[in-house]
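Student: Using the sequences and the hints, build the whole thing.
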Amino acid sequence: MRPRRAVGAAVLLVLLLGAVLGTYRSVRVADDDPARRLSSELRCPACQGESVADSRSPIAAAIREVIAARLRAGDSPEEVRTYLVRRYGAEVLATPPAQGWGLLLWLVPVLALGVGAGSALRTHRRRRGAAPGARPAPPRPTRRPPPPVTAAGVWTAGAVAVLALVGGVAVAAPRLATAPEPARRPGPAIAADPVLDLLALARAAEEQGRYEAAAEIYRTALERRPADEIRLRFAFILIRLGQTAEAARLAETVLAARPDTPDALLMLGLAQRDSDPAASVHTLRRFLDRAPGHPAAAEVRRLLGDG
Amino acid sequence: MTGQVGSVALGAGLAASVAATLLWLRRALAPDAPVRPARLATAAALVAAVLACGAAEWALLRHDFSLRFVAEHGGRHVPVYYTVTSLWSALDGSLLLWLLILTGYAGLLARTVPADGRRLHPWAMAVVSVVAVFFFALSHFAANPFHPVAPVPADGPGPNPLLRTHPAMGLHPPLLYAGYVGLVVPFGYALAGLLAGPAGRRWAVPARRWTLLAWTLLTAGILLGAWWSYAVLGWGGYWAWDPVENASLVPWLTATAFLHALRRPGAVDRTGWPVGLACASFLLVLLGTFLTRSGMVASVHAFTASPLGPVLLGFLLVTAVGTVLLIGWRLRLPADSDTPRAEPLLSRPTALLGTLILLTTIAAVVLAGTLFPLLAEAVSGTTAAVGPGYFHRTVVPLAIVLLGLVGLAPLLSRAGTSPGELAGRAAAPAGVALAAVAVPGLLSRPGPTVLAAFGCAGFALASTAADLWRRLRASGRRAGWSRIGTALAHAGIALVAVGAAASAAYTVSVERELAVGESLTASGATVRLAAIERTGDDAGMRVRARLAVGPSGRPTGTAAPELTYHPGHDLTVSVPAIRPGLLRDTYTTLLAVSADGRTATVRLAVNRMVSLVWAGGALTVLGGALVLAGTVPRRARRGRIRRDRDRPRPAAPVAPGGAR
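Line by line, the protein sequences give chains G and X.
Under our numbering, the residue at position 259 of the first sequence is numbered 259, and the numbers go up by one with no gaps.
Counting from 1 along the second sequence, just add 1000 to a position and that's the residue number in our numbering.
Simulated from the structure, these hints should not be mistaken for laboratory data.
Check the hints yourself; a few may be wrong.
Interface residues of chain G toward chain X, partial, derived using beta-carbon atoms under 10 Å [stated by the list, open to error]:
#1 43
#2 51
#3 78
#4 82
#5 83
#6 108
#7 109
#8 111
#9 123
#10 154
#11 159
#12 211
#13 303
#14 304
#15 305
Backbone N, C-alpha and C fix where the C-beta goes; we use that ideal spot for every residue, glycine too.
Tutor: Here it is, written out as C-alpha cells:
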C-alpha cells in the first residue's frame, strides 16, 4: 500500500508542477495588439450588441481607423479612449466604468455573495449554538392566533380580485394602445441600408455640435454611396470646420454633374469666401438668381451686402 | 370568419379561466366541493386556446390577409413550414402559443393529483388559473391578433427573414416557452404550500417533479437558441449576453438552484431557500417576458414596442408584492421543523449551500447586467451599455468556482467527511484536474481563466464519474435513473464549460476581400473562392460564394455562405456555411460582394470544440429527463388510479413526465 501511495503522491506532484508551469506561461501571454484590445472594449454606435472590433458597419470601421491613427501618433490607449468618449458619449464604452452609477453594477456580485455567505454563516452559528444537548429549539412564541377567516369571505375576495384583474387589463390596454408610440430605436445591426443609419447618426452628431465626428461619418457614408445629397451635407460640415478647399471640391463635383444646383452653388460660394472672394460673390449671386426663395437666401443677401 | 372564431375563442378562454379560478378556489376552501366542474372549466380554457391557435394557423395558411396578424406577418412567398412557425415569430402570435402551453400545463396539472397532496392541488390549480386569466385578458384586450384590417392587402411581408432561415425555428421557441411557462407550476405549488395550512408541508414533492419537467425543456430550449444563434446570425459565436438570452438564462439559474435546494435537509420549511427560489423563478419568467415583449430592450431577438409592456409590468408587480406578503405572513406562523443541527463544514449539505449561493449570485449578476441600461436611463437619463466584458469578468469566475463545487460535492457525504478521507477520495480527480491544466498550459497559451475552467471541468468530470461508478457497484447496478441522470447532467455542464472555454481561447478568424481563384487560410484551414453566383426573384436577391475547403490544391469539400436581400423587410441576411467537425468547425461567412461581382469579402473562422457545447448540453437535457423519469415510480401511478375514483376515465393517467 505504501509504495502505491508514494507513487500516487509523486504523480500528483509532477502534475502540480506542470500545472503551475503551464499557468505561469499562460499568464505571461501579452495582448500584442492594443488597437484590437481597445476596439473590443468599445461598442459600435450603429449596431446592437456588437463591439467596434467585430462589427462590419462602416462607422465601426471609421472608429477602428481613428484608433489605429491615434495609437500610431503616439497616444496611449487611455488617451484614445478618453478622446472617443468625448466624441461619441459614454455609451461608446461596452462596459460602464467602475465609478458613479457604474460602480453599483460592479458591486452586485460582491454584495450578492456577501449577503448569501453572511446569512449562511449566521444560520450555522445559531444552529451550532442550539446543537449541544440536541434539545429542540423552544417553539417560537406564537403571537395571537390569526383572526378567523371564513371560506366564503376568502372566496369572495378571490372572485373580486380576479374580476379586478380582468377589468384592469381591459381598461388599461386600449388606452395604452392609443397612447403615442415611443420613438423607435434604431433597427437591428443588419439593417439593409447602413448608409441611412450613418446619415441619421451624422445628423445627430451635427445637432450636438460634434462636427468632426459628423464629418467622419459623412466621409464613410460617401464612400459607401457617392450621392450628391451626401456630398453637399459633407461640404456644409467641412465649411463649418474651416476645411473649405475640400468643400469646394465636393460642390464642384456636384455642379459638374448637375450644373446650377442651388445648394451646390451655395456651398461652393461659401467655400470660396476665404480663398477667392471675387469668385465667391459671383457664385453666390448665381445662387440668388437660381433660388431667390431659398431658406438661406436672406442670409446670403446680408453677406453680399444687398440688404 | 376565421377572425371571429379566433376572437370568440379568446373571449371564451378568458371566461373559462375565470370560472376555473373560482371553482378551484372553492374546491381549495371546501374539500368536499365537487372537482368535476373545475376540471371542466380548465379543459374548456385549453380547448379555447387550441381553437385560437388553430384559427391563427388556419388564417396564416389560407393567406387570409384581412386579419391584422396575417397582414403584418404572413406572405404568399413564405414556404409552408415557415408559415406555420410565423405564428410565434411576432408578438401577438407568440402570446397565443404562450397561452396554448399555459393552458396545456393547467390541463395536465388538473389531471395529476399528487398522492399525498390532495389539499395542495386545488390551491396550485387556482394560482395557475389566475395566470391563465391574465394572459387570456392580455391577448384578448391588448394584443388581439384577430382584429380585421381595411383595406385588405393582397400580400404580406412574411415573418422577419432571420426567423425563416433555419429549421430550428420550428422547435426552439415552443421548447423555450414550454420550459419558461412550466415554471408556473412550481410557483403554484409554492404558493399552495403557503396557503394550504398544515397540508402545505408536502408542497416540495410535486413542485420538484414539475420543475424537473420545465427545467429539462428550458435547458433544451436555451441550447437550441444558442445553436440557432451559431448557425444563423453568422457572427461565429453562440452566446452574446444579449438581454433576451439573459432573460431565459436567469430563470434557468434559479430553477437549477431550486432543484438543488430541495436536496438539503430541512427543505420542507416553507420559509427558506426552496420557496424563495420557486417563486423567484416564475417572477423572473414574468420579468423576462416583460423585457422581451415590451420593446424595452434593444436586442436581435426582441419584438417591437407595444402596449403590452406596462400591463405586464403591472401584473409582475402585483404578483411580486403578493408573493412577498404571503411569505412574510408565513414567517409569522410557527416554523415547520425544529431547528436542524449544525452541519459539519466538510459535508454535502454545505457544498449544496455553496451551490445555492453561487447560482443565485450568478443569477443576480446576469439580471443586474441586463437591467442596468434600463435603470441607468430611467434614473440618471444617461445611456449606458453593458457588454460581454462585464459578464466575462463577473460570471465566468463565479461559474468556474461553481464547477469546482460540482466536483467537490460527490466526494462529501451527507453526515460529514474528515479531511483525510476527503484527500483520499479527491486524489484521482485532482490528478485529472491538474493534468487538464498542465497539458494545455504547456502546449498552448490559452490564459489562466481558460486553464482554471479546464481544471475545474476535469475535476468535476472525474469526480462525477468516480461517484457514479462507486454507487453503481455498491447498489449492484440498480442505482436508479435519478442518480445516473444527475451524474449525466453534471458531466454535461462540465463539457459545456470545456467547450465554451476552448472555443473562446482557440478560435481563429480572418477576413479578407478575395478575387475568384484567391484563397484564405486560418489555422490550417484553407478556403478558395471558386465562384460568385447571383440569383434573384420576387422574394429577394441572393448572392452565394462557392468556396472550396481544404488544404491548398486538394480541396476536401465545398461551402457556400450566402447573402440574401429581402425587399419586404429591407433587410440583408448573411447565412454562414458551417462544416462541423468533432473538434473544429470551419465557419465561413460572406460579408460583402463588390458591385461588379468579381470580388467577395469572406470571413473564415476555425472554431474549436464548439461541438462539445452541443454534446454537453444534450447530455444535460438527457440527464434532466432521466431524473424526471426516476421521480415517477410505477407504484405511485397505479396507486393514484385506484384512489382517484371520482375521475371519469382513469385508463390513461398522465404523470408529470407524460408530456414527453
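Student: All hints, please: hold or fail.
Tutor: Hints versus structure:
no.: 1; hint: 43; result: holds, 5 Å
no.: 2; hint: 51; result: holds, 7 Å
no.: 3; hint: 78; result: violated, 16 Å
no.: 4; hint: 82; result: violated, 17 Å
no.: 5; hint: 83; result: violated, 18 Å
no.: 6; hint: 108; result: holds, 4 Å
no.: 7; hint: 109; result: holds, 5 Å
no.: 8; hint: 111; result: holds, 8 Å
no.: 9; hint: 123; result: holds, 9 Å
no.: 10; hint: 154; result: holds, 6 Å
no.: 11; hint: 159; result: holds, 5 Å
no.: 12; hint: 211; result: violated, 22 Å
no.: 13; hint: 303; result: violated, 39 Å
no.: 14; hint: 304; result: violated, 43 Å
no.: 15; hint: 305; result: violated, 46 Å
In this structure, the hints that do not hold are numbers 3, 4, 5, 12, 13, 14, 15, in rising order.
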